[in-house]
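So the sequences go chain by chain: R and D.
Taken in order, the first sequence gives residues 1 to 114; the numbers are from the numbering used here.
Taken in order, the second sequence gives residues 1001 to 1113; the numbers are from the numbering used here.
These are computed hints drawn from the structure, not numbers from a lab.
Since we're looking at a predicted model, the values are computed, not measured.
Incorrect hints may appear among the rest.
Said to hold, decoys possible - Think about it this way: if two alpha-carbon atoms lie no more than 30 Å apart in a straight line, the pair counts; the simulated DSSO-like pairs of lysine-lysine are: (1) R:K26 <-> D:K1042; (2) R:K26 <-> R:K13; (3) D:K1057 <-> D:K1069; (4) D:K1057 <-> D:K1042; (5) D:K1059 <-> R:K26; (6) D:K1078 <-> D:K1059; (7) D:K1057 <-> D:K1078; (8) D:K1042 <-> R:K13; (9) R:K26 <-> D:K1105; (10) D:K1058 <-> R:K26; (11) D:K1057 <-> R:K26.
Unchecked claim - A short list of chain R residues far from chain D (calculated; beta carbon distances all over 10 Å): (12) S7; (13) L11; (14) R22; (15) G28; (16) H29; (17) E53; (18) S65; (19) S73; (20) E75.
What the hints assert, rightly or not - Quick list of the computed label-pair ranges, beta carbon to beta carbon: (21) D:K1042 <-> R:A38: 17 to 27 Å; (22) R:E53 <-> D:S1113: 45 to 55 Å; (23) R:I12 <-> D:E1039: 22 to 32 Å; (24) D:S1027 <-> R:G40: 24 to 34 Å; (25) D:G1079 <-> R:R22: 35 to 45 Å; (26) R:W100 <-> D:T1022: 13 to 23 Å; (27) D:T1022 <-> R:Q41: 11 to 21 Å; (28) D:T1022 <-> R:K13: 31 to 41 Å; (29) R:S27 <-> D:T1040: 21 to 31 Å; (30) R:A38 <-> D:P1008: 13 to 23 Å; (31) D:Y1074 <-> R:L95: 23 to 33 Å; (32) D:S1085 <-> R:W100: 24 to 34 Å; (33) D:S1085 <-> R:T114: 29 to 39 Å; (34) R:G40 <-> D:K1078: 21 to 31 Å.
Every residue, glycine too, gets a C-beta built ideally from N, C-alpha and C.
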Amino acid sequence: DAGVTQSPTHLIKTRGQQVTLRCSPKSGHDTVSWYQQALGQGPQFIFQYYEEEERQRGNFPDRFSGHQFPNYSSELNVNALLLGDSALYLCASSLALGAWYEQYFGPGTRLTVT
Amino acid sequence: ILNVEQSPQSLHVQEGDSTNFTCSFPSSNFYALHWYRWETAKSPEALFVMTLNGDEKKKGRISATLNTKEGYSYLYIKGSQPEDSATYLCAFPNDQAGTALIFGKGTTLSVSS
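The following block holds chain R by itself, in its conformation from the complex (with noise of 0.2 Å):
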């Protein structure tokens, strides 16, 4: 069984332009959730994704963008990159929501902003 997967590993990307992130959730999850780890600090909670909705938003402003598709695979779309979002991308899922269900992580997307 097939953990939560994300792609790309790693990303490199210039100031202005967009990126895409991609994350296929544990098979038998249904919510997809998205973070932002940067350097010293614990991840920060970007959005989580529910039946194809955004159900919340973390402090985020809105070149932070997402989409869970209908197999519950999500992506995380950040435009007009700026030298601020060099951090790694977590996704998480979980079975259902409430608070007592484990999230279970990917291995992140490394993104660095020249």
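Please build the complex by placing chain D on the supplied structure of chain R, with the hints as guidance.
Same frame as chain R, now just chain D:
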């Protein structure tokens, strides 16, 4: 703004030492408290999800306790081994649906043989 604090930030111990870390979280509107272990070049992996005051959970040499009234959790590692070297993160769900996990900055443990 929900805030989760972890201490110490980093820790270096010798193989065989026992150690513990602290996670502090808001004591109001408590839903659950998650502990994750994150080894270098791997994905964060759930250790425990704790929901009840006084909860104690154990997995091998690792155990955790929970005090929801005062807003803290301890993670204990007994007889540390080099393979325990990792960053240990605690996280606090922001609502009952567990929409967002609010993470601490983590405690990075290094175990020398």
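Against the structure, the hints come out as follows:
1. R:K26 <-> D:K1042: Between K26 of chain R and K1042 of chain D the Cα gap is close to 16 Å, so the pair holds against 30 Å.
2. R:K26 <-> R:K13: 28 Å, holds
3. D:K1057 <-> D:K1069: Within the cut-off at roughly 18 Å; holds.
4. D:K1057 <-> D:K1042: 24 Å, holds
5. D:K1059 <-> R:K26: Judged against 30 Å, a Cα distance of about 23 Å means the pair holds.
6. D:K1078 <-> D:K1059: Given pair K1078 of chain D, K1059 of chain D holds - Cα atoms ~11 Å apart, limit 30 Å.
7. D:K1057 <-> D:K1078: 14 Å, holds
8. D:K1042 <-> R:K13: Given pair K1042 of chain D, K13 of chain R holds - Cα atoms ~23 Å apart, limit 30 Å.
9. R:K26 <-> D:K1105: OK: K26 of chain R and K1105 of chain D at ~25 Å, within 30 Å.
10. D:K1058 <-> R:K26: It holds: about 25 Å lies between the C-alpha atoms, which stays within 30 Å.
11. D:K1057 <-> R:K26: Given that 30 Å is the threshold and the Cα spacing comes to 25 Å, the pair holds.
12. S7: S7 of chain R clear of chain D: closest Cβ-Cβ about 14 Å, beyond 10 Å.
13. L11: The claim holds: L11 of chain R sits with its nearest Cβ about 17 Å from chain D, beyond 10 Å.
14. R22: 15 Å, holds
15. G28: G28 of chain R is indeed farther than 10 Å from all Cβ atoms of chain D, at 16 Å.
16. H29: 13 Å, holds
17. E53: 12 Å, holds
18. S65: Holds: least Cβ distance 17 Å, greater than 10 Å.
19. S73: The claim stands: S73 of chain R keeps its Cβ more than 10 Å from every Cβ of chain D (closest is about 17 Å).
20. E75: Nearest chain D Cβ is 19 Å from E75 of chain R, so the label holds.
21. D:K1042 <-> R:A38: 17 to 27 Å: Given range 17 to 27 Å: holds, Cβ gap about 19 Å.
22. R:E53 <-> D:S1113: 45 to 55 Å: The hint (45 to 55 Å, Cβ to Cβ) holds, given that E53 of chain R and S1113 of chain D are roughly 49 Å apart.
23. R:I12 <-> D:E1039: 22 to 32 Å: Given about 25 Å between the Cβ atoms, the range holds.
24. D:S1027 <-> R:G40: 24 to 34 Å: 26 Å, holds
25. D:G1079 <-> R:R22: 35 to 45 Å: 41 Å, holds
26. R:W100 <-> D:T1022: 13 to 23 Å: 22 Å, holds
27. D:T1022 <-> R:Q41: 11 to 21 Å: 18 Å, holds
28. D:T1022 <-> R:K13: 31 to 41 Å: Holds - the Cβ-Cβ distance for T1022 of chain D and K13 of chain R, about 38 Å, lies within 31 to 41 Å.
29. R:S27 <-> D:T1040: 21 to 31 Å: Hint holds: Cβ distance 26 Å, inside 21 to 31 Å.
30. R:A38 <-> D:P1008: 13 to 23 Å: 20 Å, holds
31. D:Y1074 <-> R:L95: 23 to 33 Å: Given range 23 to 33 Å: holds, Cβ gap about 27 Å.
32. D:S1085 <-> R:W100: 24 to 34 Å: Check passed, 28 Å falls within 24 to 34 Å.
33. D:S1085 <-> R:T114: 29 to 39 Å: 31 Å, holds
34. R:G40 <-> D:K1078: 21 to 31 Å: 29 Å, holds
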